[in-house]
Structures are given as C-alpha cells and as structure tokens.
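Colleague: Read off the chains here:
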Amino acid sequence: MQVSDTAPVASAGVALGEPGGNLMVAITATLKRDLTLMLRRRGEMLNPLVFFALVITLFPIGISPDPELLALIAPGLLWVAALLAALLSLDSLFRSDYDDGSLEQLLLAPQPLAALSLAKVAVHWLLTGLPLALMAPVLGIMLALPAGSYLILALSLALGTASLSLIGAIGAALTVGLAKGGVLLSLLVLPLYIPVLIFGTGAVQAAVFGDGVTAHLAILGALLAGALIFAPWAIAASLRISING
Amino acid sequence: MSLRLHARKLACERDDRWLFQGLDLEVRGGEIVRIEGPNGSGKTTLLKILSGQLAEYEGELFWNDTPMRQAREHFLANLLYLGHAPGVKAGLTPLENLKWYQALSGETGNETARFAALESVGLAGFEDLPAGQLSAGQQRRVALARLELTPRALWVLDEPFTAIDRDGVAALEARLVAHARAGGSVVVTTHHELAASTALRRIQLGQGDNLAGI
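Read top to bottom, the protein sequences are chains A and B.
Numbered per the numbering used here, the first sequence finishes at 245, counting up by one with no gaps.
Numbered per the numbering used here, the second sequence finishes at 214, counting up by one with no gaps.
Extracted from the complex, chain B is given alone in its bound form (with noise of 0.2 Å):
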C-alpha cells in the first residue's frame, strides 16, 4: 500500500485570526514537503492538525483515502512526530529515553540497535548519562535517534535543526533525502535552506494565495 497524507480546504483560525483558508494539500511516498512561512504563519498548527494532534480545524483530512477519524489508529502506527520540544525526557538516560520510545510502539526493541541509533547521531559515549546534562542540540539529537530507531513511513518533524550544529545539520538533511528515496515522505518546516531535490515540494504559508478562498 502508497502512503497518501490528503488534506482538503483546511483552514484554521486562532484568536480570531485565520492562519490558513482553502489550503489543499497532498504527501505521497518519496517525497519531502516543507512548510514554508514567517513567524506566527502557522506552520506547527498545521504540522500538529497533520500529526493528528489539533482536532479544531476545518475541512478534511484522508490518510490512503480514508477519512483521518476512521484511519487514525493505522496513521499513528506510520507516524513520527518530532515536535518543537524534543520530548526527551532529562531525568532519564539517552537510552532510556529510546527505549520507552520502542514500547510506546509496543516493540521490547533490543539495546544492541539502541545504541547504534545513538551512535548514528552521533551521541556514542553519551548514552549514559541523564539527558538533563546534554546540551540542547545534543538531546535534539537524542530525539531524532528515533528516526533511525523506528520505522515509520510518513516523518512529520518541526523544526528538526534547532539547535544542531552544521555537521548533524548536513546529516540530517542527507538522511531526509534518504527517506524520501526509500519511499516513505517527510513533511518538516525549517528556516534552514533544504538543498534543491526533485522530492522536496514547498508549501506556502502567510501569504494571500491560500486565503483566496475567502
């Protein structure tokens, strides 16, 4: 089965304030979609009515041509939200952190692929101690551990590059790209410049086409 995120005419107001009318908007398999748009466009609305999490919207949203309502357990088990806190919790160990990640899936995991999860963000040494003493790029990192950790078809992450520096930056771009090779999609907002791809398409927010609807 193709991975098809559908969303129809979704509009949103907030505080009296429309942040989006009439957006349409579709992510299939293979690709990265990037919201784009100023401070306060509402890109992690929109990044959160996408992930399931915001239920005051109108308009409709599919997952495989299933409304999201009837599909909503099936989306979540190919969902993987990054949110602009990394939900990384200080008190716990990097690895602990994963680990309850993988059963939140319902998966035991093993810790052989944890630590390798953490050693591909570059995290190797540090999996041991509480996260509460990372730094903020270095419990970024912790979180997109998980991208590597657990496999799910559709990425939804807001601003993933926070805090991390350009190496990991470069990195994570190139496994995005990855992703989106291997056919599963990536919808991400960033101020960061994503290198040009013939899998990243662009969404506009704050800007007077979407409200044409009016």
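For reference, chain A alone in the conformation it holds in the complex (with noise of 0.2 Å):
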C-alpha cells in the first residue's frame, strides 16, 4: 500500500450517502458470482447427480428387473432419489459463504437480504434441481417408465425441486452456523418436503396411468408460488438468526 498522508482523498468518501444503488445490479452479481463459483467447483455440483443416477441404478438390481413392477414403483423412486440428492446438496448453500466472512458482508449490504437469498437460491436451483429433473428421464428409461411421462416427469422435478431449493435454504440458513448442521438440516426441512414429494410422484404416476396431469402440476406451480412468496423472508431472517449466535 502506498498511500501516504498527502495521498488525495476522494472527497465523496467521507460524505454521507443516500441509500439506493441498483438492486438489479446487485442480484446479476450475485447470480454470476455464485455460478462462477459453482462451476469452478464441479465435482461439488456433480454430486447429487452422480447420487442419483447411483440409487436408481441399484434400485432394479436390488428389487427385480421385472419392467412392470419397476414401471409402478418409477415415479416414487425416481422422486425421493431426487428429493434426496437435491437434500445433499443444501448444507453447502451458505456454508462456504459463512466460513469466510462473505456472508456478514452478504447481510451488510445495502440491498435488501430476501433479494439476495434469492439470488443463491435460484443458482442452488440451476445447478441442481434442474440438472435433475432434465436427467430424470434418462434414469426413467431404465426404470421401463411408459414412454409417454417422461416430459411430466420433468416438468414435475423442475418445479418440484424449485420448492425444495427454496424450502431448504430455510433450513440451511438455519444451521450454517452450527458446525455438524446436516442432520438438523434434514430433520428440519423434510416434513415440508413431503407435500412437494406428494404432488409430485402424483403427477408423474397420473402420467403413467394415463390421468390428467394438471391438478398434480397446478398445485406443485402453487407450492412454487408460496415459497417463492415466504420463503425469501424467511431465509433473510433466519441468515440474520444465524449470524446473530
């Protein structure tokens, strides 16, 4: 640093700002910065991937290759794998952020911290759940799913596991600071899975059997617009509870 006292100071540094500054700017940033960092790390983000393509392919060597059995069973696996695997992934959605100080600055920012949250949530969500629900049919396959459901399947998953990302970083904000927050984690959040799982293997098994799909797929899109009203709130205040201990 070579600064010394006769260095100039930027004179509008010491008047006292308004706040404002763009919130858009703020929430792009902070989607590519958590991208960046996502992609950087691959191997972190192919593992609910690889977690699930595992599960399902133990399934029909553990049960029974009979393609009619699994057809029947396919919708409710191939959802709680992805339930799961989306699950793995949450503790680490503010962890590094809280090991390293990002995230006190995360809650000092002059923008509003529900915004923000968001903004890690919806990277959470590209990077896992949608991977899952594009690679959904791929497992179904090997499942015998009927042909004919693997776009509700997907569909399904993309929506579904929006709820879980945002229903989960309640609870990973919860407990990013406590040290050994997985289990709590997952005792917190997986009742409030279980209306997502519901709807969801309901929708993909109304395909199967050849039922209307859009009850299953309206209410999934309504669990989505819930979270996506409350859920924000809640992770901003449960950041703020975790930061506070």
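If you are wondering where the hints come from, they were derived from the structure by calculation, not from laboratory data.
By construction, the Cβ of each residue, glycine as well, lies at the ideal position given by its N, Cα and C atoms.
Accuracy of the hints is not assured; some may be wrong.
[Unchecked claim] Cβ-Cβ distance ranges computed for the label pairs, FRET-style:
id, chain 1, residue 1, chain 2, residue 2, range
1, A, Val80, B, Asp165, 50 to 58 Å
2, A, Arg42, B, Gln70, 44 to 52 Å
3, A, Leu187, B, Asn64, 39 to 47 Å
[To be verified] Below 25 Å or equal to it, Euclidean Cα-Cα: the simulated SDA-like pairs (lysine to any residue) are:
id, chain 1, residue 1, chain 2, residue 2
4, A, Lys180, B, Glu56
5, B, Lys9, B, Arg202
6, A, Lys32, A, Ala122
7, A, Lys32, B, Leu129
8, A, Lys180, B, Gln53
[Claimed, not checked] Cβ-to-Cβ under 7 Å is the rule here; a few derived chain A residues that face chain B:
id, residue
9, Val14
10, Asn22
11, Arg33
12, Arg40
13, Asp100
14, Gly101
15, Gln105
16, Leu108
17, Ala109
18, Ile243
Join the two chains into one complex using the hints; note that each chain is given alone, in its own frame.
Modeller: This is the structure in structure tokens:
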C-alpha cells in the first residue's frame, strides 16, 4: 500500500451517502458470482447428480428387473432419489460464505437480503434441481417408465425441486452457524418436503396411468408460488438469526 | 450531514458473563476510535453490535440521532465493515471479489478503478489469480482494497492489521488517518499500537470502569 498522508482522498469518500443503488446490479452480480464459484467446483456440483444416478441404478438390481414392477414404483423412486439428492447439496448453500466471512458482508449490504438470498437459491436450483429434472427421464428408461410420462416427470421435478431449493434454503440458513448442521437440516426440512413429494409423484403416476396431470402440476406450481413469496423472507430472517448466534 | 454513531448504556452478555455493561460511546466524523482490551473482552462483539449485525444487546444505538432500527438502511449505505474473516472468496480472483462487493452496494463500478484499488494495496499482478492461491496477508489486502474502492464514511474494522507485513501496516495506518482527516470515521480493534494522533481515541474493554453501572 503506497498511501501516504498527502495522498488525495476522494472527497466523496467521506460525505454521507444515501441508500440506493441498483438492486438489479446486486442481484445479477450475486447470480454470476455463485454460478462462477459452482462451475469452478465441478466435483461438488456433480455430487447430487452422481448420487441420483447411483441410487436409481441400484434399484433394478436390488429389487427385480421385471419391467412391470419397476414401472409401478418408478415415479416414487425417481422422486425420492431426486429429493434426497437435492437435500444432500443443501448444506453447502451458505456454508462457504459463512466460513470465509462473505455472509456477514451479504447481510451488511445496503440491499434487501431477501432478494440477494433468492439469487443464491436460484443458482442452487439451476445447478442441482434443473440438472436432476433433465437427467430423470434418462434414468426413467432404466426403470421402464412408460414413454409418455417423461415430459411430465421432468416438468414435475423442475417445478418441485425449485420449491425444494427454496424451502431447504430456510433450513440451510438456520443451520449454517452449527458445526454439524447436516442432520438437523434434514430433520428440519424433510417434513416440509412431503407435500411437494406427494404431488410430484402424483403427477408422474397420473401420467403413467393416463389420468389428468394438470391438477398435480397446478398444485406443484402453487406450492412453488407460495415458496417464492414466503421463503426469501424466511431465509433472510434465518440468516440473521444464524449470524446473531 | 455529519456523521454520528452513538451508543447509550450498551451491555452485552455472553454465556452468563457480561462482556461489557453501561458502555457509552460516541463516534463522530474525523475520529479514529480504537477499541482496546485483552482477548475475549468483547471487542469483536462490540464491533458487531456497532455495525448492526448483532441484535442481542441491551442499551440503545443511534445513527445521526435516529434509533438504529429506523436508520438501518441509511446506516448500511455508509458503513464499510471488515470482519475477522476477510470475506474474500478463494474460488474467485481478487478482481471478481471486488466486483461483487461493488455490486452489493448497487454499483457496477469499472475495471480501471478496481485495478487501481488492487494496485494501491500492492496486489498489482495478482488481479487474475484465484484468491485461494494468495497468502493470508494478500487475501487481507484484497479485502482492504475495498477501502479504496467503496467510498463509505464509517469504517468498522476488526483486526485489519492481521497478517499484513510491516510496510502494509504503515500504509494502512496512514490510510486510516487520511480517512479521519477527510472527515470520515474509523472504529478499529487491533493489538497493533497505532501512532498517536489527534484523531485517535481509545475505548477500553474488559476493565472495571465499564462495569461501574452494575
């Protein structure tokens, strides 16, 4: 540092500023930052996908290769495995930011914390939920899932994992201050995951049996809308509590 | 508008132990306030309270005579807090780190300013290395570059001299004095002895006089 006493100090540096600034700049920068970070740690990003693929691969071996039986349980299997895969990746959502002090800075940013945490959750969904949804049809083939239900499977998972990311982020924010918050996190958010699981598998089952899927998808959409409205505030409040501890 | 951070009868309890009680404190523009005290005397906790991170305390906190709760937004727009952990992402380059911090305050900023800020903290040539490959002192310097980059009136710095070499310490000290001289204020904890200056005030923690009010 070569700052001397005589160095010109920007006079703007000491005038009191007014709150303001562009929220969109902060949100896009946070999106970009988290995406860059995750893409630079590919191994961590691939973890949930590998887990998902492994679990689904093992089931036909463990149960029976009978296509009829597999097709019957496939919607539930795919959904449960995807849910657990998404859950596994949640613990790291705020962890590294907490450890290196960025989380403190995020809380002190003169921008609404709810909006910034929503950006972080969006990245989590883009890099776990969405890939899981896209991968599920491929694994569906392995479970002899009838061909007509692939689109519904991917769609229900895409909608559902977005809710899972939002709800899970509340738990992740609450447990980020704890050294071993992983188990507690699972216990906290699993009960809240159940409605999403029920309507998610419901949609796929309905598609398999040729029933109407719109109702299930609509409810998944409603759950997502609800989560989008309430979760950001809950995440922000939880982060404040965690930092307070 | 002038700057005034003002605490009245501040008290904080941790694990059934009072860290401080009845602490009155005032920070005005042009001042460097050094919080002193042995390890575990609550310096970091006090800084976290003063920077609006901790809500579990007794007493009142005012920003420009408005209670902190109501003035929070205005306060945050004028605060630069550097904590114990430098808040530098190991996976990002110094430039990317600074860019995010600028964006957090809603500014796009420009690359030239970021390069200049990094150069001013002696990190020229390290702009595009992942911060994880830098030394602890260099990572701290990345955080300190924010002092140059983001103009804020109130600096709250928790042990900013940690891991910094001797030249860096001198430069940072000069930077603090310059900031105070220009009308800004600095609240700092450090075990490093700051050169005496008219702007410097000390607040002692972990001693009997703060506990007088029990």
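Colleague: Can we keep the Asp100/A interface hint, with Cβ of chain B closer than 7 Å?
Modeller: holds, 5 Å
Colleague: Hint check: is the beta carbon of Gln105/A less than 7 Å from a beta carbon of chain B?
Modeller: holds, 5 Å
Colleague: Holds or violated: are the alpha carbons of Lys180/A and Glu56/B at most 25 Å from each other?
Modeller: Distance of about 24 Å is within 25 Å: holds.
Colleague: Using 7 Å as the Cβ threshold, decide whether Val14/A counts as touching chain B.
Modeller: holds, 4 Å
Colleague: Hey, does the Arg40/A contact hint survive, CB to chain B under 7 Å?
Modeller: holds, 5 Å
Colleague: Measure nothing beyond the straight line between the CA atoms of Lys9/B and Arg202/B; if it is 25 Å or shorter, mark the hint as holding.
Modeller: Within the cut-off at roughly 17 Å; holds.
Colleague: With a cut-off of 7 Å, does the beta carbon of Leu108/A approach a beta carbon of chain B closely enough for the hint to hold?
Modeller: holds, 5 Å
Colleague: Do the numbers back the hint for Ile243/A, that is, is its least Cβ distance to chain B under 7 Å?
Modeller: holds, 6 Å
Colleague: Under 7 Å is the threshold here; is the Cβ of Arg33/A close enough to any Cβ of chain B for the hint to stand?
Modeller: holds, 5 Å
Colleague: Could you grab the alpha-carbon distance between Lys32/A and Leu129/B and see if it respects the 25 Å cut-off?
Modeller: Judged against 25 Å, a Cα distance of about 18 Å means the pair holds.
Colleague: Is 44 to 52 Å respected by the C-beta to C-beta distance linking Arg42/A and Gln70/B?
Modeller: holds, 46 Å
Colleague: Can the suggested window of 39 to 47 Å be confirmed for the beta-carbon pair Leu187/A and Asn64/B?
Modeller: Taking Cβ atoms as reference, Leu187/A and Asn64/B lie about 45 Å apart, which means the hint holds.
When each numbered hint is compared with the structure, no violation occurs for any of them.
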